[in-house]
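This is what each chain is made of:
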Amino acid sequence: MSLTTQSTPPPDLNSAEKRRRRLLLMVLAGLSALLLFVLFLFARYLNQPEPLPELLPVPVEVNYPPHYLLSIYDVDGPIGVAVSPEGDRIYVTEMRGERLIKIFDKEGVFLDSFSPPRTTQGERSPVYIATDSRGRVYVTDRLQHAIFVYDRDGNYLDTILSPTLTLSEYVAKHTKTAPTPGSFSYDIFEEEVDCKDAEGGDLTLPRPDYALWAPLGIRFDSHDRMLLTDVTEDAHSVRVVPSDVVMSPDWLDFDLSAMQFGASGQGDGQFLFPNSAVDDAQGRVIVTDGNNGRLSVWDDQGAFLFHFGSGSGDGALSLPRGEAIDGRDRLHVVDAVGQNIKVYDFSGPEPAFLFAFGSMGVRDAQFNYPNDIALDDSGRLYVTDRENNRIQVWSY
Amino acid sequence: MKKLLLVSLLVLAMMLFVGGVASANGGPHGDYTATTDACAGCHRAHTASSDNLLMADSTYDLCVSCHGGSATGANTNVDDGVFVSGRGGDEGTSTADGAALLGGGFVNYGGAAVSSTHDPTGVDNMAWGAGNERGVLAAISENLDCASCHDPHGSPNYRIIKEEINGVSVSVAQSDEGASKNYGVVSWSAQQSNVCGACHNPYQHATADTTTGTFTHAVDVTYGGSTTFTDGNGDTVSVDLASGYIVCQTCHFPHGTSASMTGYAAGAGPAGDSALLRKDNRGVCQACHQK
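Sequence lines, in order, name chains A and B. Residue numbering for the first sequence follows our numbering, beginning at 12 and increasing consecutively. Residue numbering for the second sequence follows our numbering, beginning at 477 and increasing consecutively.
Hints are not guaranteed to be accurate.
[Claimed, not checked] Quick look at which bits of chain A chain B covers, simulated, 3 or more residues with Cβ under 8 angstroms:
#, region
1, 134-141
2, 242-249
3, 327-337
[Said to hold, decoys possible] Anything over 10 angstroms on all C-beta distances counts as not near chain B; from chain A, calculated:
#, residue
4, A54
5, H156
6, L214
7, A225
8, R341
9, S389
Source of the hints: derived by calculation from the structure; they are not laboratory data. Think of the CB as a built atom: it goes at the ideal place given N, C-alpha and C, for glycine as much as any other residue.
Extracted from the complex, chain A is given alone in its bound form:
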């Protein structure tokens, strides 16, 4: 019975109805596909943070942050760093251990070390370091209150004892002849100068009479001018020394007091522990005003222009220390407490923050109280990473 009912063929659909149904099915399928596609587009749209930008002309110079290359170890509390003019040598000063100045090649191979003559570890404190276009190496020393000058291999040449006195000048005044480098030295704790008299015999002179100062940050610009910060108590200032003084054949009539500006304090045109000074293409002098947590900008005549980089937000500085400016007027500032390097564009009238790189830590590309930075011509950056006991090398 049921068999017969089951075997009853379905009501015969005519072919037109069949086609209509198939079409409907197809339209339905098409519509759902479309819906899916729209949903997909919508999802994609939602996933996109911003609407697609209009195509811009590709900028000539793009500002990418640099990338980490390698680290140079074998340094104890590195504090200052400089590169030779050829870019083939890196000079580093140490805050701890033996407090030496160490020379490395570009790949980080240790070459040599040196220190001020007649000093023990507890009598010297090399801090900032710079090279002039002749390759001479200048090191400020906080305990010795002086700038020591060496040749590119670290052989001692002379000492800038005060803004108006070099050790060679003092010796020459007594011996009436220009002394040869290496033939004289000064022990500021024993208060005596050892040198050679005109006949080449040993001679001991009393301590030279000069007012103490406190040279700290040192840099040379592309015109061989020396930019120096001075943290003599209650008289924090910046000095710009013309190249003819620095480059004169001898330093027997030395005087770097030509241009000096600034005072101690927190106001406009004042500093608290300025750590370094550089100049930009417009001739402005930019000073890292350490304990005031800002950059201080001055014109080429030594007149105060403005402060920059204090406060909070992107690009705000905590404890700015060493700085270096590249050929495109990008200023690199080491923020010791911010634990990174902040980069600003100084090519226009108003400086602008570009980017920062690095964060606190002990791994590659992380910093633990960085203090100073040096750039070479090939886009390499050298940063003293003090508490990680290494120099980090980065590259653009």
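Fit chain B to the known structure of chain A by using the hints.
This is chain B only, laid out in the frame that chain A set:
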């Protein structure tokens, strides 16, 4: 969550600080005003990676960024125990350049390497006498570092000594040094021993005490005799009193010493080293007991 709490704490503290801080202690410590942004020199509110939103995993690393051998942010170089101002000539009443710091040094003192220090690197939490028995090491409430004794935000105490150390409230009168401080001339008050007593309690006795089986020298007592002794070589050895009182710092440095110990003095005492003593061997004793 903990971080968030600290951020709000920091903001709150900032408001409180701006409202007015009790004391001005120089440098970035205390004397905060609405216009200065002095907190950032040590704290970054949003990018900090360690406790207390400090940009440091070690307080010592932070402090020596300014007070270290390079003295890139302060004149008091506590590593070498020397004041480096660069200022020659007329010093007036404040510290002369090159003056030895009263706290001693953590790396060198008087140009020589130290022979004992309070280790400020935060690795040590055992202090002599903390468990109330002299000559025995016992735990204190935190690891020792610069902020165990100093409050980096300023305090009404002399040399921004904390108002509470190791859970003990510490009062050390602020001696008025005027506008310019003198880090080379003793300016402690008679209460200075309270600093040390907070961690080394049983050493702070006004009578020669033998209660725990060992003998201790009387402190916080007045002394009117001579404090200078001329030794066989004609060198004078002297110690300082605080307003006439013998305090711990009459004999000890709080930071570290380069004093050398030879002969009997070399191994005497449980610490087995120069025990932060100001003078070679037992020079500190001879200064008063001229023998």
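Tested hints:
no. : hint    : verdict
1   : 134-141 : holds (count 3)
2   : 242-249 : holds (count 5)
3   : 327-337 : holds (count 5)
4   : A54     : holds, 32 angstroms
5   : H156    : violated, 6 angstroms
6   : L214    : holds, 25 angstroms
7   : A225    : violated, 3 angstroms
8   : R341    : holds, 22 angstroms
9   : S389    : holds, 29 angstroms
Checked against the numbered hints above, the structure violates hints 5, 7; every other hint is satisfied.
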